[in-house]
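Colleague: Each chain is listed here by its residues.
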Amino acid sequence: MKRNQILTIGSIVLLFLFIGYANGHLNAYYIRILNNTAIFLMFAASYNLINGVTGQFSLEPNGFAAIGAYTAAILTLTPAQKEAMFIITPMVPWLQHIHMSFFPALIVAGIVTAMVGFILGFPVFRVRGDYLAIVTLGFGLTIRVVSNNTMSITNGPLGLKGIANYTNLWWSWGFAIAAMIVIMRLINSEFGRAMKAIRDDEDAAIAMGINTFKIKMIAFVTSAFFEGIAGGLLAHLITTISPTLFTFFLTFNLLIIIVIGGLGSMTGTAIATVLVVWGSEWLRIVEQPMHIFSLTIPGIPGMRMVIFSILLIIIMIFAREGIMGQKEFSWDSLFKLFKTKKVANK
Amino acid sequence: MNLTIVLQQLFNGLALGSLYGLIAIGYTMVYGVIRLINFAHGDIMMVGTYVAILSGSALFLPWWAAFIFTILATALVGVLIDKVAYKPLRNASRISSLITAIGVSFFLENLFLVIFGGVPKAFPVPAVFSGVLHEGGVILPVISIFVPLVALVFLAILMYILRNTKYGIAMRALSLDMETTRLMGANVDAIISFVFAIGSALAAAGGIFWALKYPSINPLMGIMPGLKAFAAAVLGGIGSVPGAALGGFIIGIIEVLAVAIFPPLAGYKDAFAFLLLIFVLLFKPTGIMGEDLERGRF
Numbered sequence: 001m002k003r004n005q006i007l008t009i010g011s012i013v014l015l016f017l018f019i020g021y022a023n024g025h026l027n028a029y030y031i032r033i034l035n036n037t038a039i040f041l042m043f044a045a046s047y048n049l050i051n052g053v054t055g056q057f058s059l060e061p062n063g064f065a066a067i068g069a070y071t072a073a074i075l076t077l078t079p080a081q082k083e084a085m086f087i088i089t090p091m092v093p094w095l096q097h098i099h100m101s102f103f104p105a106l107i108v109a110g111i112v113t114a115m116v117g118f119i120l121g122f123p124v125f126r127v128r129g130d131y132l133a134i135v136t137l138g139f140g141l142t143i144r145v146v147s148n149n150t151m152s153i154t155n156g157p158l159g160l161k162g163i164a165n166y167t168n169l170w171w172s173w174g175f176a177i178a179a180m181i182v183i184m185r186l187i188n189s190e191f192g193r194a195m196k197a198i199r200d201d202e203d204a205a206i207a208m209g210i211n212t213f214k215i216k217m218i219a220f221v222t223s224a225f226f227e228g229i230a231g232g233l234l235a236h237l238i239t240t241i242s243p244t245l246f247t248f249f250l251t252f253n254l255l256i257i258i259v260i261g262g263l264g265s266m267t268g269t270a271i272a273t274v275l276v277v278w279g280s281e282w283l284r285i286v287e288q289p290m291h292i293f294s295l296t297i298p299g300i301p302g303m304r305m306v307i308f309s310i311l312l313i314i315i316m317i318f319a320r321e322g323i324m325g326q327k328e329f330s331w332d333s334l335f336k337l338f339k340t341k342k343v344a345n346k
Numbered sequence: 001m002n003l004t005i006v007l008q009q010l011f012n013g014l015a016l017g018s019l020y021g022l023i024a025i026g027y028t029m030v031y032g033v034i035r036l037i038n039f040a041h042g043d044i045m046m047v048g049t050y051v052a053i054l055s056g057s058a059l060f061l062p063w064w065a066a067f068i069f070t071i072l073a074t075a076l077v078g079v080l081i082d083k084v085a086y087k088p089l090r091n092a093s094r095i096s097s098l099i100t101a102i103g104v105s106f107f108l109e110n111l112f113l114v115i116f117g118g119v120p121k122a123f124p125v126p127a128v129f130s131g132v133l134h135e136g137g138v139i140l141p142v143i144s145i146f147v148p149l150v151a152l153v154f155l156a157i158l159m160y161i162l163r164n165t166k167y168g169i170a171m172r173a174l175s176l177d178m179e180t181t182r183l184m185g186a187n188v189d190a191i192i193s194f195v196f197a198i199g200s201a202l203a204a205a206g207g208i209f210w211a212l213k214y215p216s217i218n219p220l221m222g223i224m225p226g227l228k229a230f231a232a233a234v235l236g237g238i239g240s241v242p243g244a245a246l247g248g249f250i251i252g253i254i255e256v257l258a259v260a261i262f263p264p265l266a267g268y269k270d271a272f273a274f275l276l277l278i279f280v281l282l283f284k285p286t287g288i289m290g291e292d293l294e295r296g297r298f
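If you read the sequences in order, they're chains A and B.
Quick note on the working numbering: the first sequence kicks off at 1 and runs consecutively.
Quick note on the working numbering: the second sequence kicks off at 1 and runs consecutively.
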């Protein structure tokens, strides 16, 4: 047990050493992708908590991301910036004058999103299965409609711009790792076991005396909290947000990540996040013109999403478990792997 | 607000609602037989509109032949989607099929974005459908009269098929119990294909009339009508065909009337269907005319 903890802490330290190196030595493009990786890891891990671990298939992360991003952005923008930006309808006064630094703004973003998740949980957890998917999809859509129309809070379709570029590798990876640790500990706790029980057989879980509503709510609110913070980080990475940023497209990307990684496996999610984020950068070659000898193949813009959707269908038909299934990576299994290999060598 | 305006908006709502209804029937039938929310259904409607444009501009068909061709071709697309993407997952968990359906939906949207680009295309409206009637102060585009009529005709044909033909009876049997239907010697796969064909054909018809009413089409146009039609199907009681049509009418009329009565709400109109959906699921999950398809499980 102790060995495993040391190894885990060691690898986290290694990760941060790498980030320290990356911060100083890699160019802006790679740093941007590393930031994206961390933010998507945070989104995907929280999304997998509710979808994979608790088995409540929902489609709301774009809504939560929007709430988090808008909350954090409104809090860190200075009153002068807000006054200059809200040209059509002036901002609500109490929001106009509020101003915070980055860290508290992110935490408030998480809390606000978690509260929205809590309120949303009451109606949505009265339905199960595919109805839940549609209701949460509707929520994501409603958030977009609302952010498009509440001109005095979100500046409507004009969006918010000039958000300070606070998100750097330390913030993004710091929060991503913290979120992973909290979520992993939650999964291995009494609550986590109850979540898995609900996933495997909800009626049996009820029969065993599990308060399924409460457990679902814990998973949902935790997931909302981290998705809100991730949304805030995203806003301070790309510095301009508008309602069109938070379409179902975002949710679809996260869905691909958790399906590839395995619904219910956090380490699978981590592997899949890296694969998908870096893979989609690598796939840019299909969208750019290619020169093979004297032949020029024109790039096809938008082809990446076609490839990703085909990939999703193929995975669902042929490899429904994804990379890790419902299992988690553990040091023990790694050592076991080496041991059996040694035996095989002899 | 006087009576003519109310009447006018009622007609607009009726036209919009019958479009939702046409699309909702596809949702409700597919859900009825294989318990799958066919996420790609709205996109099948979009495919229909593009087929219609192409059959006019590339195959040089007259508009009525183009419409018939579109309906048949889109039905085939629906059947193909089922065979390729949904059939291998028939015995998997329902969430797996749902994720696949989301994949299919994104595939269709992005494929058409790649092929046709994101710029909206103008939909050629035949002269028959482009007139406007003035009747006692009520201004009615001809298309708004055609749409509910066409929807009712399709509904009547479908109800006849469901009640009186062998295939229709088999479909209804299938929605009650797939295994028993199989034991009775019905070709379950053929029936499911037929359901997809009917659903997609109606989606194509809905798509054509949608495009005639709002003659600008783009690869993402199917998302909103698709989602609202699903809300309509649930409102009417999922699994019930007349329920889907009724739900479509209700959602269409509410959407139009609410905006007409409270103009500041115009921006929020896309959210109405979902608020309604949430309320229906909370207080009467079986919808207006539905039976409890989940009774065994809940």
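Hints should not be assumed to be uniformly reliable.
[To be verified] Lysine to aspartate or glutamate pairs mimicking DMTMM-like chemistry, simulated, CA-CA at most 25 angstroms apart:
hint, chain 1, residue 1, chain 2, residue 2
1, B, K269, A, D130
2, B, K121, A, E321
3, B, K87, A, D200
4, B, K284, A, E281
5, B, K284, A, D203
6, B, K87, A, D130
7, A, K327, A, D201
8, B, K87, A, E321
FYI, nobody ran anything at the bench for these hints, they're computed from the structure.
Colleague: State for each hint whether it applies.
Modeller: Hint by hint, here is what the structure shows:
1. B:K269 x A:D130: holds, 24 angstroms
2. B:K121 x A:E321: With Cα atoms ~41 angstroms apart, K121 of chain B and E321 of chain A exceed 25 angstroms; violated.
3. B:K87 x A:D200: holds, 24 angstroms
4. B:K284 x A:E281: Given pair K284 of chain B, E281 of chain A is violated - Cα atoms ~46 angstroms apart, limit 25 angstroms.
5. B:K284 x A:D203: Roughly 21 angstroms between the alpha carbons, so the hint for K284 of chain B and D203 of chain A holds.
6. B:K87 x A:D130: holds, 18 angstroms
7. A:K327 x A:D201: Holds. K327 of chain A to D201 of chain A sits at ~18 angstroms (cutoff 25 angstroms).
8. B:K87 x A:E321: With a Cα-Cα distance of about 18 angstroms, the restraint between K87 of chain B and E321 of chain A holds, given a limit of 25 angstroms.
In this structure, the earlier hints numbered 2 and 4 are contradicted, and the remaining ones agree with it.
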